[in-house]
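**Student:** Quick note, the sequences are listed as chains A and B, same order. For the first sequence, the working numbering gives the first residue as 1, with consecutive numbering after it. For the second sequence, the working numbering gives the first residue as 1001, with consecutive numbering after it.
Think of the hints as simulated: they come from the structure by calculation, not from any bench. Mixed in with the good hints, there may be bad ones.
To be clear about the criterion: a stretch of chain B counts as covered by chain A if any three or more of its residues have a C-beta under 8 Å from a C-beta of chain A, and this derived list gives those stretches [said to hold, decoys possible]:
{"hint": "1", "region": "1034 to 1048"}
{"hint": "2", "region": "1066 to 1080"}
Within a straight-line C-alpha distance of at most 30 Å, the following computed DSSO-like cross-link-like pairs (lysine-lysine) qualify [stated by the list, open to error]:
{"hint": "3", "chain 1": "A", "residue 1": "K356", "chain 2": "A", "residue 2": "K436"}
{"hint": "4", "chain 1": "A", "residue 1": "K353", "chain 2": "A", "residue 2": "K36"}
{"hint": "5", "chain 1": "B", "residue 1": "K1091", "chain 2": "A", "residue 2": "K353"}
{"hint": "6", "chain 1": "A", "residue 1": "K356", "chain 2": "B", "residue 2": "K1091"}
{"hint": "7", "chain 1": "A", "residue 1": "K369", "chain 2": "A", "residue 2": "K353"}
{"hint": "8", "chain 1": "A", "residue 1": "K369", "chain 2": "A", "residue 2": "K356"}
{"hint": "9", "chain 1": "A", "residue 1": "K353", "chain 2": "A", "residue 2": "K436"}
{"hint": "10", "chain 1": "A", "residue 1": "K436", "chain 2": "A", "residue 2": "K369"}
{"hint": "11", "chain 1": "A", "residue 1": "K36", "chain 2": "B", "residue 2": "K1091"}
For the chain B half of the interface with chain A, some residues (derived, Cβ under 7 Å), not all of them [as the list claims (entries may be wrong)]:
{"hint": "12", "residue": "F1021"}
{"hint": "13", "residue": "T1051"}
{"hint": "14", "residue": "L1059"}
{"hint": "15", "residue": "V1089"}
{"hint": "16", "residue": "L1104"}
None of the values given here were measured: they were computed from a predicted structure. For each residue, glycine too, the CB sits at the ideal point set by N, CA and C.
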Amino acid sequence: MLANFIPTTAEYLGIMPEIILTLAAVLIIFLEAAMKPGRKPMMQWIAVISLGFAIFHALHAPEGIAFQGMLAIDGMANFFRVLVMVAGLLVVFGSSDYLTRENADASEYYALVLFSIVGQCIMASANELIMMFIGLEISSIASYVLAGFLRDDPRNNESALKYFLLGSFATAFLLYGVAWIYGATGSTNLATIHTSLLSGDTGHASLVGIAAALIFVGLAFKLSAAPFQGWAPDVYQGAPAPVSGFMTVGPKAAAFAVLIRIFTLALGSMSDRWLPIFWGVALATMLVGNLAALWQTNIKRMLAYSSIAHAGYVLVAVAANSGTGSAAAMFYLAAYAFTNIGAFTIVAHFARKGEKYVAIEDLAGLSQKQPALAAMMTVFLLSLIGVPLTGGFFGKFYIFKAALDSNLVWLTVLGLLNSAIAAYYYLRILVVMYMKEPGESTDNLPVASPLLQVAIFGSAIMTLVLGILPGWVLDFATRASQ
Amino acid sequence: MPPLPTSVPIAWYLTLSAILFSLGVLGFILRRNIITVFMSIELMLNAVNLTFITFSYMLKRVDGHIFSFFVMVVAAAEAAVGLAIILTVFKNRQTLEIDEVSSLKN
Chain A
1 MLANFIPTTA
11 EYLGIMPEII
21 LTLAAVLIIF
31 LEAAMKPGRK
41 PMMQWIAVIS
51 LGFAIFHALH
61 APEGIAFQGM
71 LAIDGMANFF
81 RVLVMVAGLL
91 VVFGSSDYLT
101 RENADASEYY
111 ALVLFSIVGQ
121 CIMASANELI
131 MMFIGLEISS
141 IASYVLAGFL
151 RDDPRNNESA
161 LKYFLLGSFA
171 TAFLLYGVAW
181 IYGATGSTNL
191 ATIHTSLLSG
201 DTGHASLVGI
211 AAALIFVGLA
221 FKLSAAPFQG
231 WAPDVYQGAP
241 APVSGFMTVG
251 PKAAAFAVLI
261 RIFTLALGSM
271 SDRWLPIFWG
281 VALATMLVGN
291 LAALWQTNIK
301 RMLAYSSIAH
311 AGYVLVAVAA
321 NSGTGSAAAM
331 FYLAAYAFTN
341 IGAFTIVAHF
351 ARKGEKYVAI
361 EDLAGLSQKQ
371 PALAAMMTVF
381 LLSLIGVPLT
391 GGFFGKFYIF
401 KAALDSNLVW
411 LTVLGLLNSA
421 IAAYYYLRIL
431 VVMYMKEPGE
441 STDNLPVASP
451 LLQVAIFGSA
461 IMTLVLGILP
471 GWVLDFATRA
481 SQ
Chain B
1001 MPPLPTSVPI
1011 AWYLTLSAIL
1021 FSLGVLGFIL
1031 RRNIITVFMS
1041 IELMLNAVNL
1051 TFITFSYMLK
1061 RVDGHIFSFF
1071 VMVVAAAEAA
1081 VGLAIILTVF
1091 KNRQTLEIDE
1101 VSSLKN
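Only chain B is shown next, with the shape it has when bound in the complex:
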């Protein structure tokens, strides 16, 4: 039996982030509730953060950590605006099913 690695290999983190990102994409495409769709986007952003931090660790440089803070701040601003938009949609339509929000067309 080969000896266990002393630390978690970089590739494992990257694989995890890729899985998280794919789950986010799938959730965005398959889920029908607006809040869940929005949470899927947040999951994708968290996968991005994990990738930044992994590479930052790999490259022994600190800037990747700072980028992940930028991403978090922007995600928070986006969440504030996004939830407000979702609230107005709910107020006007009393539904959070994304398929029912489709009045635009000819």
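So that you can see chain A by itself, here it is in the shape it has in the complex:
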């Protein structure tokens, strides 16, 4: 009996990415304290190397249920783990210049990024509600600190405070829902909840409904889905730009993994009750994000509203409630991750010290001074619009195809109309970059350092690869969603 509780080698291999990243993060904190100042540059390389090893292990993880049903190391877990780790890799490359410029070259930044990624990996592979909660908190607590990383900057403080208060508020809702699910079904394991609901011996179907609603509210906060999106613009605008890029991608992707697992797996038998809510929330999220983004003059705030709108598109895929819908959501999140991190990295580079140049008008004439940078920004903006040959196009294509297959005709039509509205504010940036005369903000723009170029060109290449050869990522996503 006791032997059953000793984890097998396969189980350890399954969580090898989390183990590697945790050890690397602890090592970074230890070295930061032990080493003399001035020998810090190697810290980001520890992060890069550990992420590389972790990605390798996630791609080769033996699949199966691990640790007494706590974790499900399946295709979906591996897809999301690789996604958040690759996003983390790009963020690490894109951050070091920014930190040096702001005199905040502290290695705990990389440790926090790694811890946050560990939390997201646990969320992606959790098969149990309490495990999901713990993963969510590991990810969130590290992100709260990252959002306020420049602690003398009032904008950073405000961003961290809002993120912390509303994040903890959302977590409390999620947990209260988990507690009621536990009471109504006697378990927090997703598979057991599913069988308990199917067998109908849960005498309190309405209780499970309320619990599901509480969980949905908690996750909707994390996804910045309407009507719980209010915190997102302030938080993403106030946080350091590379961190904003990370927060719009990693925690969101992991929260979507949790949402898909809970609602399509555990609560799949109640789908006729939650699908109408998802329908409405998806539409409201797209509308709120796109309409508010139209009026923004600050590029970070505009990208924040655009990230709300993109969460709405992914919710359309979840509302399709099918294998193809989940695969479309995963593909979209991957395409969006590269695109958005690339865009935020350029914004971080362009903003200069103290994030001085963050108005859209400041980008005027960028194409004349640095055509390569303007071209990369163009790739990202076109992908956010969803123009063919970019990852964003196939992302939207698969999402709306999955929605049509599930007979969500009106949601598809309204979603397409939303994409048309969105084109306006993305194209406005293109117009500013290519049609206006350069001002003093573009005059003294330094050339991006090699590390930054890795982040920017890497993101752009991945965005284009996903737009030209979407097959291999889509195959990965399709296998993962079964």
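Based on the hints, put chain B in the right spot on chain A.
**Tutor:** Same frame as chain A, now just chain B:
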């Protein structure tokens, strides 16, 4: 007069936890001091703990107790980070009124 129950009914605990949770939500929405808002969140987490323990008692299973420990540990970690964030806000602005912490916008 009906005989008094020998033990407190389960529903009473659950009602109490629901009241505590609602008080936490109301406090979060209505209070304007950051520390009080933070305390409201802790109240909500305690309501969750009470619910876990009640269900654990009802189901005659021990895992609910363990979950409440997890919640407490995470709440402590959150409090450590949260209070540090609140301190930096106070250092930079000399205020703990939540309405005055709103410099971000256009």
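**Student:** Taking the hints in turn, state whether each one holds.
**Tutor:** Hints versus structure:
1. Closer than 8 Å: that is the beta-carbon criterion, and the region 1034 to 1048 of chain B has 8 residues meeting it against chain A, so the requirement of 3 holds.
2. Coverage of the region 1066 to 1080 of chain B by chain A holds [criterion: at least 3 residues with CB-CB distance below 8 Å; count 6].
3. Restraint check: the Cα-Cα separation between K356 of chain A and K436 of chain A comes to about 20 Å, which is no more than 30 Å; the hinted pair holds.
4. Taking the CA atoms of K353 of chain A and K36 of chain A, the gap is near 26 Å; set against the 30 Å cutoff, the hint holds.
5. Of the supplied pair hints, the one linking K1091 of chain B and K353 of chain A holds, its CA atoms being roughly 22 Å apart against a limit of 30 Å.
6. The hinted pair formed by K356 of chain A and K1091 of chain B meets the criterion: a straight-line CA distance of about 23 Å does not exceed 30 Å.
7. Among the hinted pairs, K369 of chain A with K353 of chain A is consistent with the structure: their alpha-carbon atoms are about 19 Å apart, no more than 30 Å.
8. As the CA atoms of K369 of chain A and K356 of chain A are separated by approximately 18 Å, the hinted pair is consistent with the 30 Å bound.
9. Note on K353 of chain A and K436 of chain A: the hinted pairing holds, with a Cα-Cα distance of about 24 Å set against a maximum of 30 Å.
10. Proposed proximity of K436 of chain A and K369 of chain A is supported: the alpha carbons are some 12 Å apart, at most 30 Å.
11. Our distance criterion of 30 Å between C-alpha atoms is met by K36 of chain A and K1091 of chain B, whose separation comes to about 29 Å.
12. Because the beta carbon of F1021 of chain B sits about 6 Å from the nearest beta carbon in chain A, less than 7 Å, this interface hint is met.
13. At about 4 Å, the closest approach between the beta carbon of T1051 of chain B and any beta carbon in chain A falls short of 7 Å, and the interface hint on this residue holds.
14. Annotation: L1059 of chain B was flagged as interfacial toward chain A, and the flag holds, the nearest CB pair being 5 Å apart, inside 7 Å.
15. Taken as an interface hint, V1089 of chain B checks out: its beta carbon lies about 5 Å from the nearest beta carbon of chain A, inside 7 Å.
16. With its C-beta approaching chain A no nearer than about 5 Å, L1104 of chain B sits inside the 7 Å limit, and its interface hint holds.
The structure meets every hint from the earlier list without exception.
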